[in-house]
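Top line first, the protein sequences correspond to chains A and B. If you read the first sequence in the working numbering, its first letter stands for residue 2, the second for the next number, and so on. If you read the second sequence in the working numbering, its first letter stands for residue 11, the second for the next number, and so on.
Calculated directly from the structure, the hints in this document are not laboratory data. Hints are not guaranteed to be accurate.
With a straight-line cut-off of 25 Å between C-alpha atoms, the simulated SDA-like cross-links for lysine to any residue are [claimed, not checked]:
#1 A:K14 with A:T178
#2 B:K99 with A:K37
#3 B:K66 with B:L37
#4 B:K85 with A:P132
#5 A:K82 with B:K36
#6 A:K72 with A:E124
#7 A:K72 with A:L92
#8 B:K85 with A:E10
#9 A:K83 with B:R28
#10 A:K172 with B:R28
#11 B:K66 with A:K125
#12 B:K43 with A:T178
#13 A:K82 with B:I90
#14 B:K66 with A:R104
#15 A:K37 with A:I108
#16 B:K99 with A:F122
#17 B:K43 with B:R28
#18 A:K37 with B:N65
#19 B:K58 with A:L80
#20 A:K14 with A:A94
#21 B:K36 with B:I90
#22 B:K36 with A:P132
#23 B:K24 with A:E124
#24 A:K82 with B:P57
#25 A:K83 with B:P32
#26 B:K24 with A:R177
#27 A:K172 with B:I90
#28 B:K58 with A:R104
#29 A:K37 with A:E10
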Amino acid sequence: MNPLQIFAESSKKLTPSLIEYEVGTEVEMIVYRYLKEVEGYYDDILIVSFIDAHVTFLEYLRRVLRRDVLKDVEVLSLLSKKFKDSESAPLIAGRLGNIIGERKGKILAVFLGLDFYSIVFSEKALLELFPRIVNLTRYNENLSIVSVFNGAIFSSSVNQMLYTFSLNVIKLSIERTNGDFRRVLTIIRSAFPEYNLKKWYYEIESDEINFLI
Amino acid sequence: MIGNPEDMMVEAVKRATRRANPALEKLLEVHLKLNANAGFELAYRDPKRFKEFVNKLFGEYSGRLLEMLIVDEIKRLLEISEDLENLEKAVEILRMVV
């Protein structure tokens, strides 16, 4: 199994999951490939997008893959510039709880733009929101949660909270070796302890991710 | 104290890239030099084009994150709390108040 398949398998067993990324790691392709890995497993896949994060995510995929993808994936857009809704954590969680609670079958909710939310509304707002997102599993026991988040730009209290609440974690980072930049995927925590803290270099070629040891 | 709006934007870009990943500041600088024959001042002179270069280098999602960080740094430098949704809006404000 490559590390993305390990993460995908682990995310079926443990939730919530976290994809922590740094700028320049082409997180869009990692998320896309992850969704392709798990799409047959879930009855419903929902992208919960804060501040139009899904727009940039899909723009990247359209540019790189030269076609429209993820047409069957439902997008729930929150705090879009088109429809200004409330940034209140309890209200957001309540709305999501209602939507998710009604669904039948296995559901995957991928949260994009929580970092955007934190930049716009403050770290404090995120500290109030994230535990409520994690708690959405009480509305539906068949719910799996994956958050995509740039931890590097926030304080240690935010990172601590994300790591405390996430049971399945990969980190995408940039490593500088001999003047060269290389992308690295590290499995931080998973359902498969033998892989924890192992890292793989990776390269993106067209719509494929090549993992190198 | 930075009195010139273009210098303020350059400072905001530097602070934002350092916040995102200090190693990326040089990378972005070289990318802009090679592809646009410009420096960080492009963010002030032609924000749309600057964003296109950033997106090509880092991807649209990270590009948007970096844009939000630059806007956040502009707000800090100007000590304002206005809702500035993008770089173009930040340039407008810089032109008005600096």
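### Message
Tell me if the straight-line CA distance from K83 (chain A) to R28 (chain B) falls inside 25 Å.
### Response
Violated: K83 (chain A) and R28 (chain B) sit about 31 Å apart, past 25 Å.
### Message
Can you confirm whether the C-alpha distance between K66 (chain B) and K125 (chain A) stays at or below 25 Å?
### Response
The hint is violated at about 32 Å.
### Message
Just to be careful, I want the Cα atoms of K14 (chain A) and T178 (chain A) compared with a cutoff of 25 Å; is the pair within it?
### Response
violated, 35 Å
### Query
Are the Cα positions of K85 (chain B) and E10 (chain A) separated by 25 Å at most?
Given pair K85 (chain B), E10 (chain A) is violated - Cα atoms ~43 Å apart, limit 25 Å.
### Query
Is it true that the CA of K82 (chain A) sits at most 25 Å from the CA of I90 (chain B)?
holds, 20 Å
### Query
Taking only the CA atoms, is the gap from K43 (chain B) to R28 (chain B) under or equal to 25 Å?
holds, 18 Å
### Task
Take a quick look at whether K66 (chain B) and L37 (chain B) sit within 25 Å of each other, Cα to Cα.
holds, 12 Å
#### Entry: 25 Å limit on alpha-carbon distance, applied to hinted pair K58 (chain B) and L80 (chain A)
holds, 23 Å
### Distance restraint between K172 (chain A) and I90 (chain B), which requires alpha-carbon spacing of 25 Å or less
This hinted pair is violated, its Cα atoms lying about 34 Å apart.
### Query
Given the hinted pair K99 (chain B) and K37 (chain A), is their alpha-carbon gap at most 25 Å?
violated, 37 Å
### Query
Would the pair K66 (chain B) and R104 (chain A) pass a check requiring their Cα atoms to be no farther apart than 25 Å?
violated, 38 Å
### Query
Are the Cα atoms of K36 (chain B) and P132 (chain A) separated by 25 Å or less?
Roughly 37 Å separates the two Cα atoms, so the pair is violated.
Checked against the numbered hints above, the structure breaks hints 1, 2, 4, 5, 6, 7, 8, 9, 11, 14, 21, 22, 25, 27, 28 and satisfies the rest.
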